[in-house]
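Construct the complete structure from the given sequences, taking the supplied hints into account.
Here is how the chains run, residue by residue.
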Amino acid sequence: MKSHEAAEAAGSGIRWLAVGMSMLGLALMLLLHWEVFFWVNTESTMGVVQRIFYIHVPAAWVGVYLAFGIVALCSAVYLWLGDERVDMAAVAAAEGGMVFTTIVLLTGPLWGKIAWGTYWAWDPRLTSTLLLWFIYLGYFIVRSSTENPERGRRFAAVVGIVGALDLPLIHLSVTWFRSLHPQPVVLKPERPTLDPDMLMTLMTGLLAFTVLFLGLIAFRYGLERSRWNLELRTRRAGSA
Amino acid sequence: MKLYLAQLWAVAWKDLMIEFRSRERVGAMAGFTVLVGVLFNYAIDPTLVRPEDIASGLIWLTIVFAGTLGLGRTFELEAQDGAFQGVLMTPAPRDALFLGKVLSNYVILLVVVFIVLGVFGLFFSLDWGSSPGTLVGVLALGALGFVAVGTLFSAVSSGTAMGVALLPILLFPLLVPVVIYGTSATGRLLADRPLAEVDGQLRILGAFALVALAVGAGLFRYVVEE
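From first to last, the protein sequence lines stand for chains E and B.
With our numbering, letter number 155 in the first sequence gets 155, and the count goes up by one each step, no holes.
For any residue, its number in our numbering is found by taking its place in the second sequence, counting from 1, and adding 1000.
Just to be clear, a hint being listed does not mean it is correct.
[Stated by the list, open to error] Listed next, with one range per pair, are the computed distances between beta-carbon atoms:
| id | chain 1 | residue 1 | chain 2 | residue 2 | range |
| --- | --- | --- | --- | --- | --- |
| 1 | E | THR175 | B | VAL1049 | 19 to 29 Å |
| 2 | E | TRP228 | B | VAL1107 | 56 to 66 Å |
| 3 | E | THR118 | B | GLY1200 | 24 to 34 Å |
| 4 | B | VAL1049 | E | THR118 | 15 to 25 Å |
| 5 | E | LEU137 | B | VAL1136 | 33 to 43 Å |
| 6 | B | GLY1218 | E | LEU232 | 40 to 50 Å |
| 7 | B | GLY1218 | E | LEU31 | 23 to 33 Å |
| 8 | E | LEU137 | B | LYS1002 | 40 to 50 Å |
Honestly, the hints are just simulated from the structure, not real lab data.
Note that the coordinates shown come from a computational prediction; the quantities given were computed from them, not determined experimentally.
Positions of the beta carbon are idealized from the N, C-alpha and C atoms, including for glycine.
See below:
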């Protein structure tokens, strides 16, 4: 029964961590929005629409790099050690990652409509993010469509690992394909070098999104742990 | 090593023999290819677009779609009566099973590649350029990477309730590099550009195939493990 109590204690620790991180993340998010809407200067060439940058870039950092990095790493470790807790961390990160890549895919075209004159311009970064979104989708479908949950976890880990290995090559190839075509003048995705206030706002954004994401995955991880414990207890009660 | 190759070959030979006798997958893929060629003919207005300008894209998409159709059935037959359990019980290592499956799928897909070339050449009277050997090389290298990824994910999709319907969702995002570099190289060869222009694409297709084979061989045991 000792390990049982330790698991309970760990569970409540994670809950506190999740609540603390999420609260801090939300507070930083309020600060970020204050900075974005009232504090930072309007960019001279693109105008007001450039402010979406402070949401878009942090969401991309979290959804593409941080979340998918955790998914890939945890997938590999899960296949190696077979520890369910690592898989719980992977699925928590994947869910967060899918939310944040969705934010990237919504804010990117909104900005593009004003700055480029079109919602979708096959920008390599945006295209890679869309493909990553589908890799996340496949990750969740294989998990949920197997009869044996353990098998679904293994399948998902395989999707995560192959996706992580292929993603750099996908990005390379879509960038290469773009560079074959002449770059239309309106579609220049270049951004100006940032002035200190803008850099400050961007840094607030990166911090806010990272902290909120970690809070959310701590919540999801705690939920997976509770589900796992509940299942164990039900099984024990059934066998007793 | 000799034993390993023998085990690999045994799996491939068994699958090829089944395919040779039933002609189930090649038949379906060949029929698909011819009919897609007919549909493309009516989907493309020749007064607006010259078929040879978009031939490389059509060839690659037909190979990918027909290939997905056939690859999806890699493990279907053995799913019946627990036949695959029997295959797994043999002392052959899992990576040999995987590479054997890849080999048999590859032979089948190469047959389809030639059918695609024949059908498109006939229907759209395409000129294969001055180096048809390199053209076949590009298609064969791209097809190898495609088959390696496809065989792994065919094992995944067969293990799910969604089955073959899941395969394109898992496979197509990962195949973007193959399609991009494959169509680019094919297009240049069809347009009779110098061979040096497709050198880079060939290298990347080759690297993709090698990595896909290695990763698939390494991960296959986690997919088929009970």
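Now for the hints, and whether the structure bears them out:
1. A C-beta distance of roughly 27 Å is found between THR175 (chain E) and VAL1049 (chain B), which places it inside the suggested range of 19 to 29 Å.
2. Under the hint 56 to 66 Å, the C-beta atoms of TRP228 (chain E) and VAL1107 (chain B), about 45 Å apart, miss the expected range.
3. Checked against the hint of 24 to 34 Å, the pair THR118 (chain E) and GLY1200 (chain B) passes, with Cβ atoms roughly 30 Å apart.
4. The beta-carbon spacing between VAL1049 (chain B) and THR118 (chain E), approximately 22 Å, falls within the hinted interval of 15 to 25 Å.
5. Distance hint check: the CB atoms of LEU137 (chain E) and VAL1136 (chain B) are about 35 Å apart, consistent with the given range 33 to 43 Å.
6. Taking 40 to 50 Å as the suggested C-beta distance range, the pair GLY1218 (chain B) and LEU232 (chain E) does not conform, at roughly 32 Å.
7. With their beta carbons about 46 Å apart, GLY1218 (chain B) and LEU31 (chain E) fall outside the hinted range of 23 to 33 Å.
8. Taking the beta carbon of each, LEU137 (chain E) and LYS1002 (chain B) are about 43 Å apart, inside 40 to 50 Å as hinted.
Comparing the model with each numbered hint stated earlier shows that hints 2, 6 and 7 do not hold.
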